[in-house]
Amino acid sequence: MKKFFAILIMLSFIISFTALIGCGPKYASKETMDQLQEAKSACESAKSEVKSLESQINELKNEKAAKEAKVVDLQKQLDELQGKK
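For what it's worth, this note's numbering labels the leading residue of the sequence shown as 322, then goes sequentially.
All clues given are correct.
Straight-line C-alpha distance at most 35 Å; calculated DSBU-like pairs for lysine-lysine:
#1 K405 - K385
#2 K351 - K361
#3 K368 - K351
#4 K397 - K382
#5 K388 - K368
#6 K382 - K361
#7 K405 - K388
#8 K385 - K372
#9 K397 - K385
#10 K382 - K368
#11 K405 - K391
#12 K347 - K361
#13 K372 - K388
#14 K385 - K368
#15 K372 - K391
#16 K361 - K372
#17 K351 - K372
Calculated directly from the structure, the hints in this document are not laboratory data.
Work the whole structure out from these sequences, hints included.
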């Protein structure tokens with residue numbers, strides 16, 4: 322009986338040890354880390370580009386609003402001039 326328990330304990334230890342080693346931390350390779358860094362860099366670049374384009378959109382919206390206001394003003398002037406003739 323003692324022999325059976327000794328074998329059982331030994332087998333459970335071996336299985337536990339194997340499971341712990343197999344489930345241990347896995348480290349990324351240098352190539353994977355380089356790819357990750359490249360992806361992060363591309364992401365930051367894209368975010369910067371988005372901010373730039375959003376700024377450009379706002380500038381163009383302001384320019385459009387100013388031109389629309391000028392069109393309304395010129396239309397009023399045209400109506401006044403046509404009314405005098």
